[in-house]
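J.: Listed here are the chains, written in short residue letters.
Number of protein chains: 2
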Amino acid sequence: MTTTFAPLPPSTSAPLHPGTSAPSVTVVFRPAEKRVEVPPGTLLSDAARQAGVDILMPCGGQGRCGRCAVVVESGTVRRRSTQRLSPEDIAAGYALACQTLVESDVVVFVPPQERIERRIKETKRAAKIELPFPYDRHDQPLRKFAVTLEPPSLADQTDDWSRLQRELARRYGLRDVQASLPVLRKLPRALREGEWTVTAVVELDAWDRPEGPPRLIDVLPGEHLESLWAVAIDIGTTSNVVWLVDLMRGEVMAQAADYNGQIARGEDVISRIIYASKGDGLRELQELVMGTLNRLIAQVAAEQNIRPDEIYKATVAGNTTMIHLFAGIPPESIRLMPFIPVVNHVPTFPAREVGLGIHPEGTVDCLPGIASYVGADITAGVVSSGLCDSDELTLFIDVGTNGEMVLGDCSWLISCACSAGPAFEGAGVVHGMRATAGAIEEVWINPETYEATYKVIGDERPRGICGSGLISLLAEMFVTGVVDKSGNINLDLPTPRVRRGEHGPEYVIAWANETATGRDIVITAVDIDNLMRAKAAIYAGFSVLARSVGLTLQDAQRVLIGGAFGQYINVEKAIQIGMLPDMPYDRFHFLGNTSVRGAYYALVSREMRRRVTEVGRMMTYLELSADNTFFDEFNAALFLPHTDLSQFPSVAAMMGEG
Amino acid sequence: MTTTFAPLPPSTSAPLHPGTSAPSVTVVFRPAEKRVEVPPGTLLSDAARQAGVDILMPCGGQGRCGRCAVVVESGTVRRRSTQRLSPEDIAAGYALACQTLVESDVVVFVPPQERIERRIKETKRAAKIELPFPYDRHDQPLRKFAVTLEPPSLADQTDDWSRLQRELARRYGLRDVQASLPVLRKLPRALREGEWTVTAVVELDAWDRPEGPPRLIDVLPGEHLESLWAVAIDIGTTSNVVWLVDLMRGEVMAQAADYNGQIARGEDVISRIIYASKGDGLRELQELVMGTLNRLIAQVAAEQNIRPDEIYKATVAGNTTMIHLFAGIPPESIRLMPFIPVVNHVPTFPAREVGLGIHPEGTVDCLPGIASYVGADITAGVVSSGLCDSDELTLFIDVGTNGEMVLGDCSWLISCACSAGPAFEGAGVVHGMRATAGAIEEVWINPETYEATYKVIGDERPRGICGSGLISLLAEMFVTGVVDKSGNINLDLPTPRVRRGEHGPEYVIAWANETATGRDIVITAVDIDNLMRAKAAIYAGFSVLARSVGLTLQDAQRVLIGGAFGQYINVEKAIQIGMLPDMPYDRFHFLGNTSVRGAYYALVSREMRRRVTEVGRMMTYLELSADNTFFDEFNAALFLPHTDLSQFPSVAAMMGEG
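Chains E and W, in that order, are what the protein sequence lines are.
Those letters in the first sequence? Residues 300 to 957, per our numbering, in order.
Those letters in the second sequence? Residues 300 to 957, per our numbering, in order.
Mixed in with the good hints, there may be bad ones.
It does not matter which identical chain is meant; a pair holds if it fits inside one copy or across any two.
[Claimed, not checked] No more than 20 Å apart at the CA atoms, straight line, and that leaves these computed lysine to aspartate or glutamate pairs for EDC-like: (1) Lys333 / Asp943; (2) Lys485 / Glu586; (3) Lys485 / Glu652; (4) Lys485 / Glu691; (5) Lys333 / Glu759; (6) Lys577 / Glu332; (7) Lys443 / Glu813; (8) Lys577 / Asp828; (9) Lys485 / Glu583; (10) Lys485 / Glu631; (11) Lys577 / Asp475.
Hints were generated in silico from the structure; no laboratory data involved.
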């Protein structure tokens, strides 16, 4: 995903031609090796423009977004502002191009945009942490065993299958190995083609039968121990991810991701459930997600030059509805009071039963979920984040259509899900859209002019605004006074961007002539109301969780943010609107896709698999619709940032300054 | 199956009109209530003809076949011969119509033909015995359990599946019940339609996993404990049999049988194996047998007014090749040295995996076989005959294309199979055919005229001769001197029936004007040679079995004859040709289809299922092609009845008299 920016308003640009009479210094931009002569005191950002070097400045050169960070490798500069830089950054030479004046000849390194972005996320959003993997990466349930059998004779007429069982028991201690018809059908040819040497692909024990018996998945003529393929799958409502794992190495060898093909039949789980309940909808949705997964599997297989049927196992994480649809289980009861899933832990089944495009006898393990709205993606997250192995009180959150959250440590876990509604997924907002090309994903508002600058996903004009853009927008509107603490738009501001539109008061983010749609992109009072309700629901969830165990949110020593959406959340802005609890940024950690990671762990480690099951058992689920305090907490959170400002000291302080 | 007879030669008929001058007596034939006046001394058979009552006389009134037995209910008769009647028969009033003279007014009961036939088989062939069933008929592995669940609530959010598992454990002690995806897919609707009362169809334990866990096969809304259906299946190479069993009663409620649809692709197992090894042959053969079985299942289901998918389990017996083809497992290795089956005990699988037309999740248990040519039909036979529970030394035989035989008692069992060739199935014989309509199934030769009389299956002219007909024919030819002890046809006999034909010496069984084909039906010297080899192979098998354990055949206290063909064997004639060991007839017992009976037992009794498995384990298999003594025994048996006449004292005695 590449990003592009709206053209800078003329008011923010520095003079392009400082004149030739003044003494000049040389600025060299690496790695492009472009150079330019400029007068001392020129902004690095202006020098870059003259040199034809692109530097990102989504906030329009106000020094607020931190996106124009470059590294001064030699020479003297003066930093007007280091608002977004840590002391370590500065020591490492980082400077904001829009806030830094050249004073001598300098050499400046412009990090690739992607690297800047990651840096921004790491230092200014939540820190990305490397997850520890405390288990044996070669304790996988799926194994390969090469055996050479004594050929049959008139004196030893043992049948093929008993002969193989006997040798697997004798040589590897595998007792009572089971086989299904399809593998028995292959057996006689494999034995004879391999001249009585075969490689048995064996699942030592199923997730739901840890005591065994082992199950023969495939039998190959000859000895083939070089690799053993499996896939870890995350079925998100929006995105599907497949990791191809070589179990011989214990490592991820290829990855692929794409949108869930079900999106065409509904953007959120509720609309999918409704679709599934009509006519042939369930079958159709199952085929759609299988289509996506099988394309991804084919893609990772091609990357490693293997056939998909050389993949012998899949572990699958996803929310409860996605798991139901994947397995073809009717999900209706999930959305109806009292919100009961058909099954939290789907029993292990062979891939052919759902049409998953790996070896048809390969086993599919769906990770266990906890409840209708705390699914396998969350247990996967709790385990893969190490939450359940830590004695630090930790809050784990995964924000999408629903905010799923877990509070606890190694000795207890409590979880809940609050229906945030689809606002953060871009639905329920006039110009809302998913975080895809053309979506505004970050907004800055000039506190004096109320002009907006924005960052768009993909190399194109904006078509709408996605969840992270909305959080950013709401925070900016609040901080700059475009909305008050109740979220009401101040129509008295001296800017044409604030106006009364068709649906009541609204603020214009992008004018028609800037957009791909040829229409103004706005946020309305109704949109704001939906966002307020969404963020309030999430924060209320946190509060109820903490309160239910007699703690406050501030007691949490870490906040782990999982999920695809999580990585785009600007923590600072999310705190400003009162969506995330107000605590030092360094307590927030972005973990990336913890769901597929959990699935991967369950592939390579039986110990991890046991842990996931234990987590499922030990986790208490709080159904918020049955909780009286939730509604009170929700109402209290329907303000920016919150009715109780004491819960948001940093925001209160900023507002006092502003 | 109805039988008809060739027209009686005029020479054997008695005068039709005895004259009116003589005093007369009245003969009343029941149940037709037909009466006739005849002179005293008239044969009952003649009186019957006059009265227009059909009495069967396949041997033409020579008193040799015993088929014309009637019951004299009152009055005085004189029995010229009682050759085929036991003292008990005579005490009960039985008399042979062709050998009995009326002396007073008499009332005669003519049993229905079918009843006569059964009686003949029971008393004059092998005695049919009622098999004991020493086990609990309600110890079946498949059960139904009705449960009423606590409905879910916000306070108890247990998922549907765990809720059902919990109640099955609490109420019935069923721990850790497993379910497949298809039943989980039905679960939410069943629970809600039944308003949280459902009937669970549960397999307590699989054959190959006697320790469990239980497996949920289906879940029905509401309580349905009135019946629980299952089928016992015997897949013969020629005929398929289905018994529909209500496990609630433990009883067989309907039966159906038909030819195996695979016959069109080969009459014996070897030709089927060859067909299966080519192109799509295996799939085709599997579909053919499934077509036959599914038609039979639909038939028995219709008879009981149920849908086939209300049948939740099938047990299947059959020879090893039939089981391989049924399960779609390549059978090639069965016919290639060293004759190794892929699997003797196919693991339990759901019906949908082979397309068997019962409930798709219903389990299919194939009974275990011993070797390529001693299959599940034999273990079924050994168990259902009670052989393995008796301390009497018993010989169990099942004669078809192969002669399969078991010798032993409750403490040891030894088995072998000898390739008798297809002669007894009607192949390898010029006018041979299967035991179907138009087949000559019994032959009598007049020892003076060498004229043949025969009995044909079905109401039609003969088209050929089947296995039992060939045994009968060969015995008659031997006893009457048409062939010598080496099986050579005596061309010097004063009858046109003996002649030199296209293929060498031959005997005419039926003249062209009697047959359906318009051609003479003959047996040639080559045919006789094939028959001699077939019967020699079978007897050699017996001998090797007995010798291998240091016994003689005469030590056997019982000979149990199973299989479809077995019931048509005339024991006396089979002894005369040296195919069965020479011992008193009362040691021979015809058991009918022991294969389907064994399958039925395994349906209703887990104890029986364990016994079958034990029998499979305890039975020693003697591969005759690896046994040096077999060839010697075979050569010694290539005479009528045998080189060593001391083994056939009753035949020797008869020949001494003849």
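J.: Between the shortest in-copy and the shortest cross-copy C-alpha distance, which are at most 20 Å for Lys485 and Glu691: within, between, both, or neither?
T.: The answer is neither: 52 Å in one copy and 43 Å across copies each exceed 20 Å.
J.: Taking 20 Å as the upper bound on the Cα-Cα distance, should Lys577 and Asp475 be classified as within, between, both, or neither?
T.: neither (44 Å within a copy, 33 Å between copies)
J.: Under a CA distance limit of 20 Å, which applies to Lys577 and Glu332: within one copy, between copies, both, or neither?
T.: neither (62 Å within a copy, 70 Å between copies)
J.: Is it within, between, both or neither when you check Lys443 against Glu813 at 20 Å Cα-Cα?
T.: neither (59 Å within a copy, 69 Å between copies)
J.: With identical chains treated as interchangeable, where does the CA-CA distance between Lys485 and Glu631 reach 20 Å or less: within a copy, between copies, both, or neither?
T.: between (40 Å within a copy, 12 Å between copies)
J.: What label fits Lys577 with Asp828 when the C-alpha limit is 20 Å: within, between, both, or neither?
T.: Neither way: Lys577 and Asp828 sit 32 Å apart in one copy and 71 Å across, limit 20 Å.
J.: With identical chains treated as interchangeable, where does the CA-CA distance between Lys333 and Asp943 reach 20 Å or less: within a copy, between copies, both, or neither?
T.: neither (53 Å within a copy, 112 Å between copies)
J.: With 20 Å as the alpha-carbon cut-off, assign the pair Lys485 and Glu586 to within, between, both or neither.
T.: between (28 Å within a copy, 19 Å between copies)
J.: With identical chains, the pair Lys485 and Glu652 could be close in the same copy or across copies; at 20 Å between alpha carbons, which is it: within, between, both, or neither?
T.: Close inside one copy (19 Å) and across copies (15 Å); limit 20 Å.
J.: Reference check for the pair Lys333 and Glu759, CA-CA at most 20 Å: within, between, both, or neither?
T.: Classified as neither; 26 Å inside a copy, 106 Å across copies.
J.: Checking Lys485 and Glu583: alpha-carbon separation at most 20 Å within a copy, between copies, both or neither?
T.: between (32 Å within a copy, 17 Å between copies)
Violated hints, in rising order: 1, 4, 5, 6, 7, 8, 11; the structure is consistent with all others.
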